[in-house]
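Asks: Starting from the given sequences, assemble the full structure and let the hints guide the process.
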Amino acid sequence: MDRLIEDTAERIFADHVDKAALDAAESGEFPNALWQVVRDSGLHLVGSPQSGSELADLYGVLRVAGRHAVPLPLAEVLIANSLLDEAGFTTIAVDGVAPWARIADRVLTVDGELSRRFDAEPGSNLAGESRDRVVLFDTERVDLPTDLRERMALCRVALMSGCLERILAMAIDYATEREQFGRPISRFQAVQHNLAVLAGEAAAARCAYDAAVASVDSPGFVHHVAAAKARVGEAAGIAAEIAHQVHGAMGFTHEHSLHHFTRRLWAWRDEYARESLWQEMLGLRIATGGADSVWDFVVDAG
Amino acid sequence: MFTGLEFEAVGLPPEAEALRGEVREFTSKELPADYWPNADFNEGHSPDFSRKLGERGWIGMTWPKRFGGGERTFFERYVVTEELLAAGAPVSAHWIADRQSGPLLLNYGTEAQCRRYLPRIARGECYFSIGMSEPNSGSDLASVRTRAERVRDGWIVNGTKIWTTDAQRNHYIIALVRTSPPSDDRHAGLSQLLIDLYADGVTVRPIRNLAGGEDFNEVVFEDCLVPDDGVVGEPGNGWIQVTSELGYERSGPERFLSAFRVLVEFVRAVGNDPRRDEAALIGRLASHLMTLRRMSISVAGMLQQGGNPAVESALVKSLGNDFEKLVGELVRLQAPPGHPGLERCLRQTLLHAPSFTLRGGTREILRGVIARGLGLR
Chain Y
0 MDRLIEDTAE RIFADHVDKA ALDAAESGEF PNALWQVVRD SGLHLVGSPQ
50 SGSELADLYG VLRVAGRHAV PLPLAEVLIA NSLLDEAGFT TIAVDGVAPW
100 ARIADRVLTV DGELSRRFDA EPGSNLAGES RDRVVLFDTE RVDLPTDLRE
150 RMALCRVALM SGCLERILAM AIDYATEREQ FGRPISRFQA VQHNLAVLAG
200 EAAAARCAYD AAVASVDSPG FVHHVAAAKA RVGEAAGIAA EIAHQVHGAM
250 GFTHEHSLHH FTRRLWAWRD EYARESLWQE MLGLRIATGG ADSVWDFVVD
300 AG
Chain P
0 MFTGLEFEAV GLPPEAEALR GEVREFTSKE LPADYWPNAD FNEGHSPDFS
50 RKLGERGWIG MTWPKRFGGG ERTFFERYVV TEELLAAGAP VSAHWIADRQ
100 SGPLLLNYGT EAQCRRYLPR IARGECYFSI GMSEPNSGSD LASVRTRAER
150 VRDGWIVNGT KIWTTDAQRN HYIIALVRTS PPSDDRHAGL SQLLIDLYAD
200 GVTVRPIRNL AGGEDFNEVV FEDCLVPDDG VVGEPGNGWI QVTSELGYER
250 SGPERFLSAF RVLVEFVRAV GNDPRRDEAA LIGRLASHLM TLRRMSISVA
300 GMLQQGGNPA VESALVKSLG NDFEKLVGEL VRLQAPPGHP GLERCLRQTL
350 LHAPSFTLRG GTREILRGVI ARGLGLR
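Protein chains in written order, with numbering that gives the first Met the number 0: chain Y, 0 to 301; chain P, 0 to 376.
Be a bit skeptical, because a hint or two may be false.
[Said to hold, decoys possible] Chain P residues, not near chain Y, derived (Cβ > 12 angstroms throughout):
#1 Ala8
#2 Arg23
#3 His44
#4 His170
#5 Ile206
#6 Gln240
#7 Thr242
[Said to hold, decoys possible] Only some residues are given here: those of chain Y computed to face chain P with a beta carbon under 7 angstroms:
#8 Ile102
#9 Ala198
#10 Gly282
Just so you know, these hints were derived from the structure itself, not from any lab.
Beta carbons: idealized from backbone N, C-alpha and C, even for Gly.
Replies: What follows is the structure in structure tokens.
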């Protein structure tokens, strides 16, 4: 991805997203100030046709956003802006639920309905991120790419990959600072081995993400996304468990910020289909090809 | 912010992909129609097959041409090795010489050593074993006791190496030996010697494993004279040299493909209209496999750039070996009865599984290497 875009995103999110902002958003307050900064920087248009950037950049911004648990519906805004003319704040609904529909100008459904007139009943996911139930009126049909669900799933993969990097960093920092039995707990082999496993899952997630992004616009895209969502969803569960174990009771408190990341991992692995559904899809495709084509599939996912 | 270990996003370039079809054509021609594929790189010691690979230029692919190599990229080598493994071809004879003994000689050997051994390795005629572990030095490699004493025209070696794969069939061993007494620096005083397995004073005894096979051996050296030109690299530099081999040893596709046949035969057994849980299992295993392959290719990219990806390799091997074990355990629970091919693969994988997380560095050692890479020790 474009290094400049990534650095811009990193700087903005690092400067503007802190625990207070996350708590406020979770209590139902839309982060207007942060949204304004994002709009002023043009980040909300990354990946859109007029921006001169690519879809890989869009997913890259989301990876950075995942690292900071950015409390905006960036995946929905970016994908909507990559498909439609930008007209205010467009969120995307799947199965009747859309992030921040309560303040959105438009709702686009993954099935290709667009509406400016809708009811939104506030709701939230496991992470306390807005997931509002919507009822649309006056919808118009729009032509959408057939792989929109996969694009949205890849957004969740990107967010989870960034988030996994963050909890790895947090767990390493905590283990290095926290002393028990007269030494930092990072000196204990049992803790080191858990952190090695966590690092492995974060690295695997990164590579699964990279493979999927590299396949954008190729015939294998759908299958690479299926593999990535399945694998990264598994990584999220394993990694969040270890991050909490390392942080001890401290990480179980609301006061500590770890849960803003781990709860997002638990929520995102379910959104746009949990692992089992992607596994079934992938497995069915492989079985249809037959035993003697398994290797072919692994090699090019065509 | 610390963002974990770096696996650069790398795909296989077109010139590497171009080889895939050639290798498939080769294996389908050279392996008999009723060939039962090997599950593992350790199985199938076939000098005949290795020689044919050598003729095709598929051994020593990345080495300089003047030493019989092909001056091709690590990506091209990657495609050839993964296709051979996926076909279950008998590759064990040349495998270690190609993967790590040759590169070690290139990095640390003399011009004469390279001239003497590399062209024969690349022709598929000359096979090497790894002499690291000893009866009392398994994971704690720095504690090796096999010693080499300086004499007028070389070194006299005494001691025992163990778990030496294919030593009863291969020609040479590169042994890690102590050339000066132990000191406060445990890593000092070690050297690597290239020893002829047919030399006087070398006894090779196969060790039967729990599956009934005889792949690994005990290799005993009794007053074995190794000439001066058998020293690889600098005397005393053995530790650094040995650890530099590990990037080659640990990151390849053989570290996650040992149970691949089980997946293939499971797909055959459930047919093209699987139940949902059967499909999910296939998909889950494929998602791991595709990810591991991507990681392994990323490490090939680091080798191509001349890096020493010891930590990343440890990570690929660690994840890969855990995956290999998972395949057997999960497929076992859903394997439909009445499929002899699947049953045969499963039995083999379950019986060999204990070795997956031991050979080439135990899971515990690998996690320690990763923890060091994370700055924890």
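Asks: Each hint needs a verdict: does it hold in this structure or not?
Replies: Hints and how they fare:
| no. | hint | in the structure |
| --- | --- | --- |
| 1 | Ala8 | 4 angstroms, violated |
| 2 | Arg23 | 9 angstroms, violated |
| 3 | His44 | 23 angstroms, holds |
| 4 | His170 | 32 angstroms, holds |
| 5 | Ile206 | 29 angstroms, holds |
| 6 | Gln240 | 25 angstroms, holds |
| 7 | Thr242 | 18 angstroms, holds |
| 8 | Ile102 | 31 angstroms, violated |
| 9 | Ala198 | 6 angstroms, holds |
| 10 | Gly282 | 3 angstroms, holds |
When each numbered hint is compared with the structure, violations occur for hints 1, 2, 8.
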